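Chemist: What follows is each chain in one-letter form.
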Amino acid sequence: MNFLRLLLRNALRGRLRTFLTVCGSAFLMFVLVFMLTALSEMDAWQGTAATHLRIAVQHGTGLANSLPITLEPFLRGETIAPHGYCICKLNWFGGIYLDPHNFFARFATDHLAWRELFDEFAISQAHYDAWCAQKDSCVVGAALAAKYHWSIGQRVTVLGDIYPIDVTTEIVGIFNGPTPRDEEVLYFRWDYFDELLGGRKLVGTYWLKARTPEDIPKLKELIDAHTRNSPDPTETMTENEFGQQFMEMMGNVKGLVMNLGGVLLVIMVLMTANTVAMSARERVVEVAVLRTLGFRRIHVLGLFLGEAVLVSLAGAVLSLGISYVLFNVLRLSPAPEYFPYFLVERSTMVLALAASVGCGLASAAIPALRSARRPIVDGLRQII
Amino acid sequence: MSELAVRVSQVAKTYYRDQTPVPVLEHIDLTVPTGEFLALMGPSGSGKSTLLNLIAGIDRPTAGTIEVAGQSLAGLSERALAAFRSRHIGFIFQLYNLIPVLSASENVELPLLLTHLSRAERAQHVRAALDIVGLADRSDHLPRQLSGGQEQRVAIARAIVTDPTLLLADEPTGDLDKKNEEEVLVLLQRLNREFKKTIVMVTHDPKAAACAGRTVQLEKGALAVAPVAAG
Ligand SMILES: Nc1ncnc2c1ncn2[C@@H]1O[C@H](COP(=O)(O)OP(=O)(O)OP(=O)(O)O)[C@@H](O)[C@H]1O
Ligand SMILES: [Mg+2]
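Protein sequences, first through last, are from chains A and B. My numbering applies: residue 1 is where the first sequence begins, and numbers increase by one. My numbering applies: residue 1 is where the second sequence begins, and numbers increase by one.
Isolated chain A (complex conformation) (with noise of 0.2 Å):
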């Protein structure tokens, strides 16, 4: 016997109750852990791009837009090319594999500029040649090649939605990126898209890499003032910026989260509270027995905060299990067309078992603190 023991057995006395309580925060917990790891995922599709000096130009209407052609000379020529290089086309295809969830980003690109623009990818000088030398060929991240069981040669189709066009490609080579994250793309040739496309040249996307940082603010000045009285204006960004527009429209997404992840707790707070406030009732005699014995009120206390940090621990390590198992092994996602990963971080779970440990103690420190200052005697006498 000791008091972790005394702990257990009184968590266990009302077993339906504490069974019930239980379940109750870890489904709580399930889905607070949920949304946090949606977030955080949200937020690792950012921080892959974090780092690159890399600068996007986009239509200055929005991404629907596609940019003029004749862009490019201007951003091939001399004004820009003492601030930036690497010229690349990236078009967004969308698009379908065999079926809408199979989410994976397809892009057309400039094979030739591709390589040097995306730096932090690994790929075989024989692989990279085989790409350049064969128009209707792709290359894919090795991560989602094992996700569908593609090798070498393997022809892929793609149906079209955003473009009236479907592209089949071979498979010539295989990347490495520096997460699984990177790796879920399809690149194929701009020029066999535009091929396809009949030749309308659509360029959703010019890329470029600034020399310095301090070529950033110069590149965006000279980009968006050469466009700015044309018929298509540009926007110019940096590689983060660019990735922050589709997260400012899941900004709102974020708040919301967060106050319902507050929400939440309090739940379970109060759901803790209660099954703690009646338990505490029914103790009273058994808290002035204690006490006679000679235990102080910072016992009472431990043992009340301790029961109640015990049990929603156990809600927490529950539902982190059911999680970690569904998501982290069996790699389950709620929606593979937003989160082909839907990985529970270990920060989530640090902060949810942190959460379950202040509710427990939340919940708990109204009734223990009125247990261990209530007098003996009228304990004993059940005076409540």
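Everything labelled a hint here was simulated from the structure, so no lab data went into it. Computed from a prediction, not measured in an experiment: that's the story for all the values here. No residue lacks a Cβ here, since even glycine has one placed at the ideal position from N, Cα and C. Accuracy of the hints is not assured; some may be wrong.
What the hints assert, rightly or not - Not everything, but these chain B residues come out facing chain A in the computed CB check (under 7 Å): (1) Asn-53; (2) Ile-58; (3) Phe-91; (4) Leu-110.
Fit chain B with the ligands to the supplied structure of chain A, relying on the hints for placement.
Modeler: Same frame as chain A, but now just chain B with the ligands:
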């Protein structure tokens, strides 16, 4: 050790019920020599439990002083008072008050959790205490698996396991049938004679009081002259 286990001097206790003072004890003087078995009798509401609680240090007097084993309780903080109870007092309740989720031996072990004894030492003490009350074979039983008499004997084991200076019992046989009452009284007598325990027992029952060495009578908050000691 002091010759006197308990010295109660000019103790008064007044409860307040909605601002109105309810005097329960007035001018109580009582001494209990070490090794005595004292019975405290009196009609219901005369303040027997109140006095016992004051001696146990679970309540504080309104006036007067109480010394147990030569130590005055008046100046003790809550914390020191708890330590005092742990060291000097073994309390036996009318309704046993065992913790229902703990086995007999775990119940007996409870007070030892506050000591520095090792697990093995605690187990040894628990076995000895259960042996004395004759329930060594029931150590794994939960309270609800025991009869009332057995429960009270476990409670007595819990009270003696720390080898306290003073055993205080508030109507320990009040809820028991004749046979169990007999057993508990014999046990208390044995603790007094064989193990030299000082015992103060509150009781309504003259037969129980007869087991004690001396009887004092509480009458409307004051101690009356004790009738001739029996036993
Ligand atoms: N916490 C309290 N608040 C108010 N009054 C109290 C309190 N505790 C005891 N009393 C009153 O003090 C008086 C004495 O109570 P006590 O329990 O000491 O009597 P008793 O002699 O033990 O009676 P019984 O034989 O019924 O157990 C009673 O009138 C009781 O109502
Ligand atoms: Mg009483």
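Chemist: If a hint holds in the structure, say so; if it doesn't, say that too.
Modeler: Evaluated hints:
1. Asn-53: Given a least distance of 5 Å, the restraint on Asn-53(B) holds.
2. Ile-58: 4 Å, holds
3. Phe-91: Holds: closest Cβ of chain A sits about 5 Å from Phe-91(B), inside 7 Å.
4. Leu-110: 6 Å, holds
When held up to the earlier numbered hints, the structure conflicts with none and fits them all.
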